[in-house]
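> Given the coordinates of chain G, work out where chain H with the ligand should sit on it, guided by the hints.
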Amino acid sequence: MENKTCHHLIDYINDRLTEEEKQAFEQHLQECETCREELQEIEDAAGDTAFHVKQVDPPDGLKGRVLGHVLEEDQQEEPARVTAKKTWSGTKTAGVALAAGLLLSLGMNIYTTSQLQNLSSENQELEQELSDTRTALSDLQDEESGTSPGTQDSIQTATFLPSDEGQSGGTAALVEQNESAELLVQAQNLEALTNEEVYQVWLFEDGTPVPAGSFTTNEAGAGGVLYKLENRQGDWDAVAVSKEPQPGNEQPQGEVVMQAEWS
Amino acid sequence: MNKPTDKELYDRIRERDREALEMLYDRYERLLYSFAFRMTNDSQASEEVMQDVFLKLWKDKGSGQYREEKGKFSSWLLTVTRNASIDRNRKNKTQEVEWEERDSRHEEMPGVEQEIESKEERDELQSAIHTLPDAQQRMICLFYFQGYSQQEISNACDIPLGTVKGRIRLALQKLKENLAEERGIDHGK
Ligand SMILES: [Zn+2]
Numbered sequence: 001m002e003n004k005t006c007h008h009l010i011d012y013i014n015d016r017l018t019e020e021e022k023q024a025f026e027q028h029l030q031e032c033e034t035c036r037e038e039l040q041e042i043e044d045a046a047g048d049t050a051f052h053v054k055q056v057d058p059p060d061g062l063k064g065r066v067l068g069h070v071l072e073e074d075q076q077e078e079p080a081r082v083t084a085k086k087t088w089s090g091t092k093t094a095g096v097a098l099a100a101g102l103l104l105s106l107g108m109n110i111y112t113t114s115q116l117q118n119l120s121s122e123n124q125e126l127e128q129e130l131s132d133t134r135t136a137l138s139d140l141q142d143e144e145s146g147t148s149p150g151t152q153d154s155i156q157t158a159t160f161l162p163s164d165e166g167q168s169g170g171t172a173a174l175v176e177q178n179e180s181a182e183l184l185v186q187a188q189n190l191e192a193l194t195n196e197e198v199y200q201v202w203l204f205e206d207g208t209p210v211p212a213g214s215f216t217t218n219e220a221g222a223g224g225v226l227y228k229l230e231n232r233q234g235d236w237d238a239v240a241v242s243k244e245p246q247p248g249n250e251q252p253q254g255e256v257v258m259q260a261e262w263s
Numbered sequence: 001m002n003k004p005t006d007k008e009l010y011d012r013i014r015e016r017d018r019e020a021l022e023m024l025y026d027r028y029e030r031l032l033y034s035f036a037f038r039m040t041n042d043s044q045a046s047e048e049v050m051q052d053v054f055l056k057l058w059k060d061k062g063s064g065q066y067r068e069e070k071g072k073f074s075s076w077l078l079t080v081t082r083n084a085s086i087d088r089n090r091k092n093k094t095q096e097v098e099w100e101e102r103d104s105r106h107e108e109m110p111g112v113e114q115e116i117e118s119k120e121e122r123d124e125l126q127s128a129i130h131t132l133p134d135a136q137q138r139m140i141c142l143f144y145f146q147g148y149s150q151q152e153i154s155n156a157c158d159i160p161l162g163t164v165k166g167r168i169r170l171a172l173q174k175l176k177e178n179l180a181e182e183r184g185i186d187h188g189k
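Sequence order for the protein chains is G and H. Just so we're aligned: the first sequence equals residues 1 to 263 in full-length UniProt numbering. Just so we're aligned: the second sequence equals residues 1 to 189 in full-length UniProt numbering.
Extracted from the complex, chain H is given alone in its bound form:
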């Protein structure tokens, strides 16, 4: 029997099929939870992110729904999860202070090292970010981890608004290459 595709499950979820919601949940639980945990660094917040994401899947109307022209479903779902994580970080007051502190730290130390260095283990993502040039690390940090708007990035980095998108694309492309290399190394072990 063929397993339903993500898109098929999503369409069924739009029809309020609870079984489909459960199947999609089972399929993505570990990936999304790990990702939310990486973004929030907090198990309670990660759980709230999971609730936000699945509530959105279940009942979101209008814009913001998945459509095939938006690309791969998993990429879209991870973007939703990333945004939900950033929202949670913003909403969480104490967290907010921490993030601000981090921001100012980034002024001296670009990238996301600070938050990770306290952890014993580095993940592949961290290593891959670490090998980027400072300016690109910073771009990833602001766009990807902190969800800055285009204008905010332009201000923070003192670069023309029109160049922000290009720099993000470049940084992400480089990051993707680094990640592929990391994986290569891992397999070679």
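So that you can see chain G by itself, here it is in the shape it has in the complex:
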């Protein structure tokens, strides 16, 4: 049976109700089958349209910027979380989450600088970005060290320099914390891939390569990956990117296109 609250359906869908009205309507939804059905009908029809919209490519690094923003906002608005709730996904501390946020926003900056034409000035800018991030992270470590013994965030960075033949370049950053680590790699001016080819990232421990994520490139030859190494902390001495004929290789098969040591 229709009652007064039923008339709020349209404004509920378009989010035009006050918080109070919204809560009342959600309460009503549990009791009113007509509203439930109509809500689903309208939302399904409206949602359906999205699948018929011309698909556009999200810009480079969108994921890093969006998720970075989410995590940063989270930290800013709920500073208590850093000390009050130490676990994140059960295994990570909020410190690592923030570090990841910084890494992700670093991804954004790299994207911005990769727009630059001049590669050498680009690399200078990248180095500046990395040193800024290092400073930010070491500040974070200092801040945390007083309140959270046992938390050991560390960050290492590396800059890929163009190889003799190519113009390729990029950066890598590795955040290690307790038993886990996150690796961010961003690269540009890479050769186009064909078929199933991917750019595979490798971390080297005593000269032994360990696969650490793969990525493909956009039309401009830029790409990157944020890779998590769960329960895996090593004494990594170098990072490399190779072009592999297919994803998922456990050992490098293709040629190494760039390589760098951690600093």
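20 Å max Cα-Cα, derived EDC-like pairs, lysine to aspartate or glutamate: (1) Lys7/H <-> Glu26/G; (2) Lys72/H <-> Asp48/G; (3) Lys63/G <-> Asp42/H; (4) Lys70/H <-> Glu38/G.
Simulated from the structure, these hints should not be mistaken for laboratory data.
Leaving out everything else, chain H with the ligand in the frame of chain G:
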């Protein structure tokens, strides 16, 4: 290994599982971005919409959360994205002027043609809207693209408040049929 359902990922996100957030992001990035771009016609605004949507997913408390009685998760998420896009359009000052202009244009030319005709390519949605009767085009434009309230639609179209919902449902139903036909044509090629 079974892939987690949207609902499972959403529940994990409510528990602040970052990995789940990332998985859901990967699953929907292209669809939501394309949709936001279609709604805002601006890449910067679309990026802000993406941030608003995922921030909402991550930290929204109280009302406005997804529950199964609200229907399909993807439909709900697209509604959230549509509302976030409309909010962005409202917040954006220069955009606002544009929208107002569009409104007055719609007085003469119902539907959303104006904004699309400048684009070279029409999408399926546009073609499907285009084949609706004028009054239904207008209903879609006000409800769907501009996020008007029930009262605003009633005023703008000079129809009784009580009939707004029925007209929206009818227009959307017709639109859905047109879209299904468009797809049929595409497959027949
Ligand atoms: Zn009802």
